Each structure stands twice: as C-alpha cells, then as structure tokens.
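Peer 1: The chain contents come next:
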Amino acid sequence: MARHALRRTGLAVCQLALLSVLVFLLTALLPGDAADVLFNEKAGTAQIARLRAEMGLDEPPVERFLDWAGGLLTGDLGTSFTGGGPVSRIVADSVGATAVLAGATVLIAVPLALVLGLLAGCRPGGRFDRTVTAVTLALDAVPDFVLSLALVAVFALKLGWLPSTWIGATTGDLVARPGLLVLPVAVLLARTVCQLARQVRAGTLGALRSAYAVQARRLGVPRTRLVLRHVLPNAAVPAVQQLARTGDTLLGGVLVVEAVFAVPGTATALIDAVQSRDIPTVQALTLLLAAVALLLNLAADLVSHRLSPKAEVLR
Amino acid sequence: MAADRTRRDVLGLAAGGGAATLLAGCEGDARRGTGRPRRGGVLRAAFPGAGAKETLDPHKQRQFVDIARHKAVFDKLVELGPTLRPVPRLAESWESDADSTVWRFRLREAVFHDGHRLEAEDVLYSLRRILDPRAADHLGANSLSSLDLDRSRALGRNTVELRLKRPGAEFPSLLAGTGVVIVRSGYRNADKPVGTGPFRFGSFRAGRSFTAHRFDDHWGGAPYLDELRILSAETEARGSAVQAGEIDYAHEMSPTFARLAEGNSRVTLVATPLSGVNGFALKTDRPPFDDPDATMAVKLLVDRRRLVEVVDGNRGRVGNDLYGKGYRYYPEGLPQRERDVAEARALARRSGLRGRRLTFYTSTAADGFVNAAQLFADMADEAGIGVEVVSGPPETYFTDQLRTGDIGNHRCGAMPIPTYVSQRLLDGSPQNASAWRRPAFDKEFVRAEGVKDEERRTHAYDALQRTVRDEGGLVLWSHPEWLNAVSTSVHGVRPAAPNTVDWARFDTVWID
Chain Z
1 MARHALRRTG
11 LAVCQLALLS
21 VLVFLLTALL
31 PGDAADVLFN
41 EKAGTAQIAR
51 LRAEMGLDEP
61 PVERFLDWAG
71 GLLTGDLGTS
81 FTGGGPVSRI
91 VADSVGATAV
101 LAGATVLIAV
111 PLALVLGLLA
121 GCRPGGRFDR
131 TVTAVTLALD
141 AVPDFVLSLA
151 LVAVFALKLG
161 WLPSTWIGAT
171 TGDLVARPGL
181 LVLPVAVLLA
191 RTVCQLARQV
201 RAGTLGALRS
211 AYAVQARRLG
221 VPRTRLVLRH
231 VLPNAAVPAV
241 QQLARTGDTL
251 LGGVLVVEAV
261 FAVPGTATAL
271 IDAVQSRDIP
281 TVQALTLLLA
291 AVALLLNLAA
301 DLVSHRLSPK
311 AEVLR
Chain L
316 MAADRTRRDV
326 LGLAAGGGAA
336 TLLAGCEGDA
346 RRGTGRPRRG
356 GVLRAAFPGA
366 GAKETLDPHK
376 QRQFVDIARH
386 KAVFDKLVEL
396 GPTLRPVPRL
406 AESWESDADS
416 TVWRFRLREA
426 VFHDGHRLEA
436 EDVLYSLRRI
446 LDPRAADHLG
456 ANSLSSLDLD
466 RSRALGRNTV
476 ELRLKRPGAE
486 FPSLLAGTGV
496 VIVRSGYRNA
506 DKPVGTGPFR
516 FGSFRAGRSF
526 TAHRFDDHWG
536 GAPYLDELRI
546 LSAETEARGS
556 AVQAGEIDYA
566 HEMSPTFARL
576 AEGNSRVTLV
586 ATPLSGVNGF
596 ALKTDRPPFD
606 DPDATMAVKL
616 LVDRRRLVEV
626 VDGNRGRVGN
636 DLYGKGYRYY
646 PEGLPQRERD
656 VAEARALARR
666 SGLRGRRLTF
676 YTSTAADGFV
686 NAAQLFADMA
696 DEAGIGVEVV
706 SGPPETYFTD
716 QLRTGDIGNH
726 RCGAMPIPTY
736 VSQRLLDGSP
746 QNASAWRRPA
756 FDKEFVRAEG
766 VKDEERRTHA
776 YDALQRTVRD
786 EGGLVLWSHP
796 EWLNAVSTSV
806 HGVRPAAPNT
816 VDWARFDTVW
826 ID
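Sequences listed follow chains Z and L, in order.
Once you know that position 34 of the first sequence is 34 in the numbering used here, the rest is easy, because the numbers rise by one and skip nothing.
Each number in the numbering used here comes from the position in the second sequence (counting from 1) with 315 added on.
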C-alpha cells in the first residue's frame with residue numbers, strides 16, 4: 001500500500017510539472033496578450049508597445065517561463081499584469097468561496113448519493129429505483145444555467161425565500177446568511193448527486209449479483225449486514241472514482257454558478273484572468289485547480305485500493 | 316465606450332433576460348416616484364465587473380465600473396452635457412485667445428476630502444501625472460496630446476493657463492475625456508484616493524465592491540445618500556438582484572431584460588435614447604471598397620429598420636450613416652437614407668461588387684455583433700453579393716478588425732463628434748476601422764478644429780460629415796438606447812449616456 005501511494009504521488013508531481021509547461025504553452029497560443037487586451041478599442045499601437053515592454057511581454061517566452069517557474073519554486077506566484085498586485089492575493093481572495101461551495105456540495109452529495117444508490121440498487125426495477133433513475137437522468141440533462149435561473153425565478157423572485165445572488169457579500173457573510181449557499185449548492189448538487197447515485201446503484205447491482213453475495217445469502221447472512229458490510233465497499237469503488245472525476249464536473253458547474261449568483265470565486269477569477277490575458281494569474285489558478293484534481297484522484301485511488309485491494313492486483 | 320467582454324460571453328449564455336425570462340408571475344405596474352428628496356440611506360449599484368483589472372487609480376480607468384467609482388470620489392474640470400457640449404465642473408468658466416491656443420480656466424471654490432483647497436497647482440499636477448510618459452496605461456494621454464505642459468502655468472491660486480501645440484477650439488471637451496480626472500497635488504497612493512467628489516472613499520476590493528460616504532463639503536452640495544456601494548456583477552446576477560431588491564441600481568441591461576421587467580412593480584427602467592451608434596465598417600483603402608460606388612451599394616442594401624428590430628430589440632433609432640444624432644454639430648436636415656435594393660444591385664454591378672465573395676469579420680465582443688453580421692449577409696445576398704461571416708476572438712477584436720476582413724462591426728458610445736472623427740476617421744486614428752485615409756479630409760478637420768467662431772466651425776464640420784456619409788466606409792444603421800434598471804424606491808436617476816455628466820451620477824439620487 002505504502003509503495004503504491006508513493007508511486008502514485010511521484011506520478012502526480014510529474015503530471016503537475018508537465019501541466020505547468022502545457023498551461024504556459026497554451027496561454028502563449030491565445031490570440032493577443034495583456035497589453036493588446038487592456039487597450040482593445042482605445043489606444044494606438046505605440047501605447048500598446050510601451051505597455052508590453054512595461055509588462056515584460058517583449059522578453060522571449062522561454063525566459064518568461066523560467067522566471068515564473070523559478071518564482072513558483074520559492075513560493076512566489078508573481079505579479080498580476082492587469083491589477084498590478086501579487087497573484088497570491090488574487091488566489092487567496094477567490095479560493096474561499098469556491099472551496100465552501102465545492103465542500104458543501106461534496107458533503108451533502110456523498111451520503112445522499114450513497115443512500116439513493118443503495119436503496120435503488122437493492123430493489124432493481126422497483127418503484128423507488130424507477131423514480132430515482134428517471135429523476136437523476138432528467139436532472140442530469142438540464143443545463144446548469146437553466147437550472148440556476150429556474151431556481152432563482154421560483155425561490156428568490158417569486159417566493160422570496162432565498163437571496164438571488166451574492167452581490168456585495170463576502171465569504172465571511174456566509175455564517176450570518178447561510179441562505180446564500182442554498183441555491184448555488186442546489187445547482188451543483190443536482191448533477192453531482194445524479195451521477196454518483198447512478199454509479200452506486202450500478203455498483204450495488206453488480207455486487208449483489210456476484211458469487212460472494214449469492215453465497216453469503218445462501219449461508220443466511222442477514223440482508224442489512226450483507227449490504228452494509230460486503231456489498232457497500234465493493235459498490236463504492238466505482239462511486240469513489242466517479243467522485244474524483246466529479247471535480248471536473250464541479251468546475252464546469254462552478255463557472256456557471258459563480259456567474260449567475262455573483263459568487264466571487266476561483267472560476268470567476270480564472271475567466272477574468274484569461275480574458276485579460278493575465279498569464280501569471282491564469283497559471284497560478286490553473287495549477288491550483290490541477291493540483292486539487294490530482295490530489296482527489298490520488299485520494300480516490302488510495303481509497304479504492306483500500307476498499308477493494310483486487311483493483312490493484314488487476315492493475 | 317468600454318468594450319470589454321463579460322464572463323457571460325465565455326460561458327456562452329443567452330443574452331440578457333436571465334432569470335426574468337423564467338419569471339412570468341412577477342409583473343405589476345411600473346411606478347416612477349417623485350416627491351421631495353430625502354436624505355440618508357445606502358444605495359447599492361451594480362455594474363459589469365472586471366475582476367482584478369478594476370482599479371482605484373482614476374487616471375487608469377478602463378471599465379464603466381471604474382469610471383463610476385472615480386466619479387463618486389473625484390471630479391473633472393469639465394464634463395459633457397446631454398448634447399455632448401462641455402459643461403463646467405471644477406472649472407467654473409474658461410476663455411481662449413483669438414486662435415484657440417492659450418486657454419484660461421477659472422477654478423471654483425472646492426475642497427478635497429482632507430480639507431485641502433483646490434488650487435491651480437493640483438490641476439497642473441494632475442495633468443502632468445496623466446501625461447507621464449512612464450505610465451503607458453493612462454488613457455487621458457490620448458485626448459491631451461495637443462497640450463503643451465511645459466508652457467502651461469498657474470495664474471494665481473484659482474486660474475490655470477493651458478497652452479496648446481496647435482489651435483484647438485474643442486479643448487474644453489477634451490478635458491472631459493476618459494481619465495482626465497483632477498487629483499490632489501502629490502497624489503501617489505492609489506489605494507487611498509482623496510478627491511473633491513461628492514463621496515469620500517471608504518473601501519475597495521477589485522472585482523467585488525466599493526463603498527464611499529457622503530462628503531458634506533462638496534462644492535455642488537452634499538449628496539442625499541449616506542453611503543454609496545458600487546458592486547461588480549454579471550448581467551444575469553444584476554437582473555436577478557435588482558428584481559429581488561438586493562441592489563437598487565443595475566447598470567447596462569439588455570433589451571430582453573427590459574421587455575420582461577417593464578411590467579415589474581419593483582423595477583423602473585431608465586432608458587437613454589441616442590446613446591451612441593451601431594454600424595458596419597467597410598475598409599475603404601483596398602478593393603472593392605476603395606470605389607465609393609461599392610460602399611454606396613452596401614449603404615443602400617442595408618435594411619436599417621430590420622437591424623434595429625432584431626439587434627437592438629427595437630430599442631434604437633434608425634441611423635442615417637452619421638455619427639452623433641442629437642449631439643452638438645450633428646448635421647440636421649439630411650434625408651433619411653432608405654433601402655433601395657434595385658439601385659444597390661446596379662451600383663454593385665458597376666463597381667464589380669456583384670459576384671464577389673466578401674469577408675465580414677465579426678466576434679462576440681459586444682452583444683448583437685454576430686447577429687448583425689449574419690443579418691447583413693442575408694441582405695447582401697438579396698443584392699447578389701456573397702458575404703462570408705468569420706468570427707474572431709472577442710478580447711482583441713477591435714484591434715484585429717483594423718487589419719482583418721473587408722467588413723467589420725462598428726459601434727461607439729457617446730462622445731463629441733470631433734472626438735469621434737479624431738479617433739476613427741483620420742489617417743493616424745487608433746480606431747480607423749473603415750481605413751478612411753484622405754489627407755485633404757485630415758487637413759480640413761485640423762483647420763476646422765482651430766476655428767474659434769462656433770458657426771463657422773459647425774459649418775466646416777458639417778461638410779466633413781457629409782463627405783464621410785456619401786463616400787466613406789461607415790454604414791451607421793442605429794442609435795441604440797442605453798438601459799439601466801433601478802428599484803422603484805430610488806429617485807433622481809436621470810437618463811444619461813455613458814461619458815456624460817449625469818451618467819452614473821449618484822449625488823443627485825435619493826431613496827424613499
């Protein structure tokens with residue numbers, strides 16, 4: 001197990017390093033740079049050239065990359081091209097809101113999906129199973145944007161029960177006004193729970209039909225014990241892998257949710273940075289998100305390994 | 316006009332309406348309250364945000380949200396009135412010598428938030444800071460390029476004498492340009508802005524929020540509001556929040572939102588007619604549009620009413636290939652250019668436009684650009700002209716369009732007509748999207764700018780504008796409305812186009 005963990009961690013570090021090069025290359029391929037974008041529609045070419053020199057954009061790309069990578073190793077994320085402040089401040093300012101949203105979503109999604117998936121999987125074809133399947137398939141098909149607006153229209157504008165946006169609020173206000181979290185988290189939950197629950201259901205079905213479960217039933221192991229002790233750990237393996245992949249789904253959802261609900265989070269900061277070609281900020285935020293995704297996958301891998309060591313043997 | 320894209324474009328979300336489109340049951344009578352102004356209260360105004368790019372430095376302003384914040388804290392010497400004529404602000408009055416090269420501005424009694432009295436030195440310091448060659452991102456440097464700072468001076472405490480490198484009868488309007496804001500002498504720390512404006516700075520977080528408090532000693536009288544908050548948010552969020560009563564003022568709303576919010580009893584729409592121009596730019600320095608017959612063919616085939624209907628959501632006035640309807644120097648009395656497909660076909664045949672494949676270079680840089688381009692392609696098809704619509708990256712569209720495609724989208728916010736000409740129609744203009752390069756035109760424009768007599772100057776501008784209308788490459792098909800939404804409890808918000816004195820002006824606003 002320890003060797004497996006060490007190998008996977010080493011691989012993750014290599015992936016991160018490779019990713020940092022890739023991010024730099026891809027941002028270099030974007031049309032226009034920070035100087036162009038800053039003055040789009042408003043200034044002459046001479047002014048843009050002066051600004052480009054001021055930002056250090058006239059230096060060769062390799063030199064700029066090495067500068068940035070060197071800074072990164074010493075914990076310096078660099079200075080924002082557009083705001084002029086340290087990138088670390090932009091990252092620190094935006095990470096809280098997204099972490100709260102994603103954390104709350106995962107905390108609710110996991111137990112909810114486990115219960116729904118297990119109950120549906122235990123009685124396949126039953127009324128509960130059919131309902132869960134129908135609802136999860138339908139909800140999964142609704143775009144986040146449409147769902148967000150529908151929830152706002154009903155619960156904020158029509159009924160007035162919940163705030164429609166976070167405009168003017170900070171992450172600190174969440175303690176005093178937890179209602180702010182409800183609609184954004186509900187949107188993020190929809191897709192996450194749907195996908196997870198279906199995985200758990202499939203895993204449960206498979207485990208219940210496996211030889212060991214049939215044998216256990218023959219031996220008279222009580223059904224609840226069978227499900228919780230033997231079926232659940234095996235059924236959870238695909239779900240845990242799916243949970244790690246949920247990171248990607250969540251990021252897509254967070255992009256929409258942050259815009260619709262005016263949440264000052266990482267996705268918003270990343271889009272702003274890409275639009276203004278603020279490369280140091282794009283790099284820092286992308287690496288952060290990538291690191292989180294890699295960590296989640298690593299954790300999922302290790303948890304699956306623990307739950308069902310045969311996955312490792314098969315590998 | 317701020318052209319930056321919003322995050323919504325990236326998300327590929329539908330334009331405008333937002334939650335309003337899903338809200339059928341929240342309609343009522345729109346009320347426009349009046350009554351006696353009341354002192355007190357907090358006003359929350361939301362503008363499209365720009366993240367870390369937002370700045371407190373008034374000489375670096377780029378986005379509407381920045382300009383609104385700076386307007387609360389600072390003042391300009393001169394602002395532009397509803398017809399884009401200069402109106403006095405910190406400069407109480409002005410006069411020039413016979414050839415408009417030496418200007419004297421008399422300053423009014425005004426105090427900064429730290430108690431310091433406004434002096435001529437503050438004005439000179441501000442202008443020097445704007446023109447500092449080391450600061451490449453000071454936009455005001457463009458409009459002040461004719462100013463000869465070395466020869467300008469203070470005449471006592473209250474008068475400043477500004478000398479120009481060439482005659483400039485429009486100089487007061489240039490002092491109303493973007494970023495020409497007066498700061499206190501010695502101003503360096505952008506994080507602690509001290510101005511003469513109606514609100515004292517409180518706090519700021521880029522991309523999120525800004526607070527300011529009433530300044531009782533403002534020269535124009537103390538504002539009614541205790542506190543002003545200027546917040547950043549995307550279109551959908553602004554639309555939902557103003558309807559839910561979470562904000563009191565939503566800047567820049569779409570016609571779709573307007574249609575759905577019109578019946579909402581909580582929201583009043585403030586629509587400003589003639590807030591700029593929408594159009595197409597044809598490149599006149601290369602075939603086929605170096606032939607005026609070819610440009611005229613396009614001008615005649617365009618169905619302006621249809622474009623206003625579809626692209627502006629019917630919230631605009633049909634354009635007549637002239638910029639600045641309703642503004643000072645606009646040539647009145649010219650017949651409306653109407654669609655004439657038969658004549659367009661004839662001209663297209665004569666100029667060799669027929670059978671040619673043209674490229675329309677567009678992007679999502681502004682709402683409606685791609686729609687307008689596609690509509691145009693259909694209209695051109697009727698006249699036998701093939702148009703291929705090609706889309707480019709929105710962030711750099713206005714720079715890229717200068718060298719890409721035969722035709723591009725054009726739009727411009729409110730500015731004085733001479734400023735429009737100098738930014739878009741001269742050989743060295745940074746945004747000459749129609750590649751209009753006529754040495755004789757440039758020469759005549761420079762001459763006209765120096766004519767002190769207003770009537771003669773107007774006459775000279777008139778002739779220049781007619782030339783562009785008939786021979787130039789700008790097809791200006793609409794003057795759109797500018798839409799803001801305010802809560803019905805908010806009063807004193809005047810319809811005003813961006814860049815004018817009453818736009819984003821909160822010292823005259825009060826809450827019930």
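Since the hints were derived computationally from the structure, they do not count as laboratory data.
Be aware that one or more of the hints could be misleading.
[Unchecked claim] Using 20 Å as the maximum straight-line C-alpha spacing, the simulated SDA-like pairs for lysine to any residue come out as follows: (1) L/Lys480 - L/Val761; (2) Z/Lys158 - L/Thr803; (3) L/Lys767 - L/Arg643; (4) L/Lys640 - L/Pro650; (5) L/Lys480 - L/Trp409; (6) L/Lys507 - Z/Glu54; (7) Z/Lys158 - L/Thr474; (8) L/Lys375 - Z/Gly84; (9) L/Lys507 - L/Trp409; (10) L/Lys640 - L/His774; (11) L/Lys507 - L/Asp531; (12) L/Lys375 - L/Asp531; (13) Z/Lys158 - L/Leu446; (14) L/Lys375 - Z/Leu219; (15) L/Lys375 - Z/Pro86; (16) Z/Lys158 - L/Arg643; (17) Z/Lys158 - L/Arg481; (18) L/Lys507 - Z/Arg52; (19) Z/Lys158 - L/Arg581; (20) L/Lys480 - L/Arg581; (21) L/Lys758 - L/His774; (22) L/Lys375 - Z/Glu54; (23) L/Lys480 - L/Leu446; (24) Z/Lys158 - L/Pro650; (25) L/Lys375 - Z/Thr79; (26) L/Lys375 - Z/Val182; (27) L/Lys375 - L/Arg481; (28) L/Lys758 - L/Ser744; (29) L/Lys758 - L/Ala450; (30) L/Lys375 - Z/Leu232.
[What the hints assert, rightly or not] Residues on chain Z that point at chain L, a partial pick, calculated with CB under 8 Å: (31) Thr82; (32) Phe128; (33) Pro264; (34) Ala269; (35) Asp272; (36) Gln275; (37) Ser276; (38) Leu298; (39) Leu307.
Model, not experiment: these values are computed from the prediction.
Here a beta-carbon is modelled for each residue, glycine too, at the ideal position from N, C-alpha and C.
Peer 1: Now tell me, hint by hint, if it's right for this structure.
Peer 2: Checked hints:
1. Between L/Lys480 and L/Val761 the alpha-carbon distance is near 12 Å, which keeps this suggested pair within the 20 Å criterion.
2. For a cut-off of 20 Å, the pair hint linking Z/Lys158 to L/Thr803 stands: about 18 Å separates their Cα positions.
3. For the given pair, L/Lys767 sits about 15 Å from L/Arg643 by alpha-carbon distance, which is consistent with the 20 Å threshold.
4. Note on L/Lys640 and L/Pro650: the hinted pairing holds, with a Cα-Cα distance of about 13 Å set against a maximum of 20 Å.
5. For the hint linking L/Lys480 to L/Trp409, the alpha-carbon distance of about 18 Å falls within 20 Å, and the restraint holds.
6. The hinted pair formed by L/Lys507 and Z/Glu54 fails the criterion: a straight-line CA distance of about 24 Å is larger than 20 Å.
7. Taken as a hint, the Z/Lys158 and L/Thr474 pair is broken in the structure, with Cα atoms around 58 Å apart against an allowance of 20 Å.
8. The hinted pair formed by L/Lys375 and Z/Gly84 meets the criterion: a straight-line CA distance of about 12 Å does not exceed 20 Å.
9. Only pairs whose Cα atoms come within 20 Å are accepted, and L/Lys507 paired with L/Trp409 is rejected, the gap being roughly 31 Å.
10. For a cut-off of 20 Å, the pair hint linking L/Lys640 to L/His774 stands: about 16 Å separates their Cα positions.
11. A distance of roughly 19 Å separates the Cα atoms of L/Lys507 and L/Asp531; the hinted pair therefore holds under the 20 Å criterion.
12. Between L/Lys375 and L/Asp531 the alpha-carbon distance is near 27 Å, which puts this suggested pair outside the 20 Å criterion.
13. Note on Z/Lys158 and L/Leu446: the hinted pairing is violated, with a Cα-Cα distance of about 52 Å set against a maximum of 20 Å.
14. The suggested pairing of L/Lys375 with Z/Leu219 is violated, with an alpha-carbon distance near 78 Å, which exceeds 20 Å.
15. Between L/Lys375 and Z/Pro86 the alpha-carbon distance is near 18 Å, which keeps this suggested pair within the 20 Å criterion.
16. A C-alpha spacing of about 46 Å is found between Z/Lys158 and L/Arg643, which places the hinted pair above 20 Å, so the restraint is violated.
17. Proximity of Z/Lys158 to L/Arg481 is assessed by CA-CA distance (about 61 Å); at most 20 Å being required, the pair is judged violated.
18. For the suggested pair L/Lys507 and Z/Arg52, the alpha carbons sit about 27 Å apart, so the restraint of at most 20 Å is broken.
19. For the given pair, Z/Lys158 sits about 12 Å from L/Arg581 by alpha-carbon distance, which is consistent with the 20 Å threshold.
20. Between L/Lys480 and L/Arg581 the CA atoms are separated by roughly 53 Å; this puts the pair beyond 20 Å, and the hint is violated.
21. A threshold of 20 Å between alpha carbons decides the hint, and for L/Lys758 with L/His774 the separation of about 15 Å falls inside it, so the pair holds.
22. Our distance criterion of 20 Å between C-alpha atoms is met by L/Lys375 and Z/Glu54, whose separation comes to about 15 Å.
23. Distance hint between L/Lys480 and L/Leu446 is fulfilled; the C-alpha atoms sit about 14 Å from each other, no more than 20 Å.
24. A threshold of 20 Å between alpha carbons decides the hint, and for Z/Lys158 with L/Pro650 the separation of about 49 Å lies outside it, so the pair is violated.
25. For the given pair, L/Lys375 sits about 18 Å from Z/Thr79 by alpha-carbon distance, which is consistent with the 20 Å threshold.
26. Among the hinted pairs, L/Lys375 with Z/Val182 is inconsistent with the structure: their alpha-carbon atoms are about 38 Å apart, more than 20 Å.
27. Among the hinted pairs, L/Lys375 with L/Arg481 is inconsistent with the structure: their alpha-carbon atoms are about 26 Å apart, more than 20 Å.
28. Between L/Lys758 and L/Ser744, the direct Cα distance comes to roughly 14 Å. Compliance with the 20 Å bound is thereby established for this hinted pair.
29. Restraint check for L/Lys758 and L/Ala450: the C-alpha separation of about 30 Å exceeds 20 Å, so the hint is violated.
30. Note on L/Lys375 and Z/Leu232: the hinted pairing is violated, with a Cα-Cα distance of about 60 Å set against a maximum of 20 Å.
31. A least Cβ separation of about 4 Å between Z/Thr82 and chain L falls short of the 8 Å threshold, and the interface hint therefore holds.
32. Because the beta carbon of Z/Phe128 sits about 30 Å from the nearest beta carbon in chain L, more than 8 Å, this interface hint is broken.
33. Look at Z/Pro264: its Cβ gets to within about 5 Å of chain L, closer than 8 Å, so that hint holds up.
34. This hint holds: Z/Ala269 has a C-beta 6 Å from the nearest C-beta of chain L, less than the 8 Å allowed.
35. Annotation: interface hint on Z/Asp272 holds; nearest CB of chain L at approximately 3 Å, less than 8 Å.
36. The beta carbon of Z/Gln275 is positioned within 8 Å of a beta carbon in chain L (closest approach about 6 Å), and the interface hint is therefore held.
37. Among the interface hints, the one on Z/Ser276 holds; its C-beta lies about 5 Å from the nearest C-beta in chain L, closer than the 8 Å criterion.
38. Because the beta carbon of Z/Leu298 sits about 30 Å from the nearest beta carbon in chain L, more than 8 Å, this interface hint is broken.
39. A least Cβ separation of about 37 Å between Z/Leu307 and chain L goes past the 8 Å threshold, and the interface hint is therefore violated.
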